[in-house]
Each structure stands twice: as C-alpha cells, then as structure tokens.
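There are 2 protein chains.
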Amino acid sequence: MGRREDICDCRIIHEERIKAARQGALANGEIERMAELFKACADANRLRILWALRQGEMCVCDLAALLEVSESAVSHQLRLLRTLRLVRNRREGVVLYYRLDDEHIEHLIQVALTHSREERP
Amino acid sequence: MGRREDICDCRIIHEERIKAARQGALANGEIERMAELFKACADANRLRILWALRQGEMCVCDLAALLEVSESAVSHQLRLLRTLRLVRNRREGVVLYYRLDDEHIEHLIQVALTHSREERP
DNA sequence: ATATTTTATGAAAAGTTGCTCATATAATCA
DNA sequence: TGATTATATGAGCAACTTTTCATAAAATAT
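First to last, the sequence lines map onto chains C and L. Number 240 in my numbering belongs to position 86 of the first sequence; there are no gaps in the numbering. Number 249 in my numbering belongs to position 95 of the second sequence; there are no gaps in the numbering.
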C-alpha cells in the first residue's frame, strides 16, 4: 500500500485503454492553456462583452451600459480578457476602445453557440 | 437621478453602438447556456476526461487512474459533464462506461486547442 | 495648477467550485 | 441472505472568482 500509482483503489479494469489514453494525452501545459481559454469564455458577462465586440469596438462605458453592470466590474473583466489576449484596446484621448484580439475567438464562440443550440430537448 | 438606465455613471458615449449591440445581442438564456458549456470545459481535469474519451469509452476507475485523482472526484466531474450532456454512460454489470455524448464536443475542443496553440509569443 | 472625465487597480466581501470524507446505491458473488 | 465491488451522492471545507468600494492614474479642459 502507498505506491505512487494507486490513487485508484479498485483494480484497474482496462490497462490497455489507460495506456492508449496516456499516449494520446496532451502535454500538461497545453491542457492548462486550453482550460484558461475556456475559462475566459465561461462567464455570462464576459461572453456578452465578447459577443458585443464582434460588431466593432466599444469603450468601457458603453459596455457597462450594455451589460447593466458597474464600469469597475467591466474593467476587471476586460483586464482578464486582455491578459488572456482575447481583447485588445486602443486609446483615443481619455477613452479606451476595446475590440476582439483576433477572429479565432469569434469562431470559438460560434461553435459553442451552434453546439448549445443543437442540444437535445 | 435614479432612473433605470444609468447604471453607467458617466455619459453614454456611443448610443448608436449600444443600440446596435442590443439588437445583435443574444437572448439571456442563450448566453447562460453557452457560458455553461464553456464552464464544463473550463477545468483541466474535465478537459483531460473529455480528451481521453475521444479515443473511446472508459470507466470511472480508468479515468481516476489516468488523471491520478480519486474516483469520487472523477465521479463528481462526470456528473457535471453528464448533466450538461457532454458525456453519456452505459452500464455493463457493475461498471459504467462513459463516452462523449456527441461529436460536437470534440469539435469545440479541437477549435480551442488550435486557438490556444496559435497564441502569440 | 486644479478640476473633470474615463478607466484601472487593490483589498475585501460575496458567491462559486472542486475536492475529501463518509455514506448510499446497484449489480454481482458466495 | 450477506459480502464485495464499482460508482454516486451529500455535506463540509479550502481555494478560487466576481463584484463592490475606495482610491489612483492618465488625458483633457479651464
């Protein structure tokens, strides 16, 4: 008892499958980065922001008005999205205009939307 | 002061854009469902499970061994994935075999992977 | 310079998630 | 029947997120 492997306390039923899964597995860093990307999209307010920015750039104040939340809250969410490179901004005087960082995000959201719409009754 | 609209305490700078965004906006329920789908994928262990199941079905014990976490933890995660219809199971005696519920999930993950790989330096 | 405006940020409160541990259930076996 | 095996589930806790509140910073105007 206490060997490194047996986190699973019942006999391993399909060693072959586990071996295969281990070989097909992604590197740890890759899984983490994917999870981060999904996390960025895993919040209704952030999704609303990303969805709105498809149509063109908007400033913090616009987004706050659209989502009906405080500017501070939007700003925090934008920081997260900026850090993860989903959005990018451009300053014009006092105003910061945010836009999507690239088209991939739009694609990802479209796929998710299609999937969630096709969900069973 | 106190009108319904001014959650945003600075003047609304681009009413046109807000109006446009409101028209293009998704229904609330739709945003929530999309967020749920993203949430389901927004965890490294759940992603590992989904990624592994691409190759074929596995039982709880297999997955626990693969991820090196407790069976209880895997079972909780599987329940979440089941509830959100990302996985489905089949009983054979005492053993429950889990598999992806449909091919959309695989597609979604592939898009995310591609995107996260193409991220800038 | 000072005041004003828009946005950013840090800290703490409020809310959510993911794990563990103990217990329950469902199928099988003796 | 009772015992065993594989999995499910509920409660509780630790870790993390999201919002709020107060304050700071950057650009502009006076």
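Don't take every hint at face value.
Between beta-carbon pairs, the in silico distance windows are [said to hold, decoys possible]: (1) Glu169/L / Arg176/C: 35 to 45 Å; (2) Arg236/L / Glu257/C: 12 to 22 Å; (3) Glu169/L / Val248/C: 24 to 34 Å; (4) Gln264/C / Ala198/L: 23 to 33 Å; (5) Arg244/C / Arg236/L: 19 to 29 Å; (6) Glu257/L / Ala174/C: 41 to 51 Å.
When the alpha-carbon atoms are kept at most 20 Å apart in a straight line, the in silico SDA-like pairs for lysine to any residue are as follows [said to hold, decoys possible]: (7) Lys193/L / Trp205/C; (8) Lys193/C / His261/L; (9) Lys173/C / Asn199/L; (10) Lys193/L / Lys173/C; (11) Lys193/L / Tyr251/L; (12) Lys173/C / Arg253/L; (13) Lys193/L / Leu250/L.
It should be emphasised that the hints constitute simulated quantities derived from the structure, not laboratory data. Note that the Cβ used here is the ideal one computed from N, Cα and C, for glycine as well.
Hint by hint, here is what the structure shows:
{"no.": "1", "hint": "Glu169/L / Arg176/C: 35 to 45 Å", "result": "56 Å, violated"}
{"no.": "2", "hint": "Arg236/L / Glu257/C: 12 to 22 Å", "result": "33 Å, violated"}
{"no.": "3", "hint": "Glu169/L / Val248/C: 24 to 34 Å", "result": "18 Å, violated"}
{"no.": "4", "hint": "Gln264/C / Ala198/L: 23 to 33 Å", "result": "24 Å, holds"}
{"no.": "5", "hint": "Arg244/C / Arg236/L: 19 to 29 Å", "result": "44 Å, violated"}
{"no.": "6", "hint": "Glu257/L / Ala174/C: 41 to 51 Å", "result": "19 Å, violated"}
{"no.": "7", "hint": "Lys193/L / Trp205/C", "result": "17 Å, holds"}
{"no.": "8", "hint": "Lys193/C / His261/L", "result": "17 Å, holds"}
{"no.": "9", "hint": "Lys173/C / Asn199/L", "result": "17 Å, holds"}
{"no.": "10", "hint": "Lys193/L / Lys173/C", "result": "28 Å, violated"}
{"no.": "11", "hint": "Lys193/L / Tyr251/L", "result": "23 Å, violated"}
{"no.": "12", "hint": "Lys173/C / Arg253/L", "result": "17 Å, holds"}
{"no.": "13", "hint": "Lys193/L / Leu250/L", "result": "24 Å, violated"}
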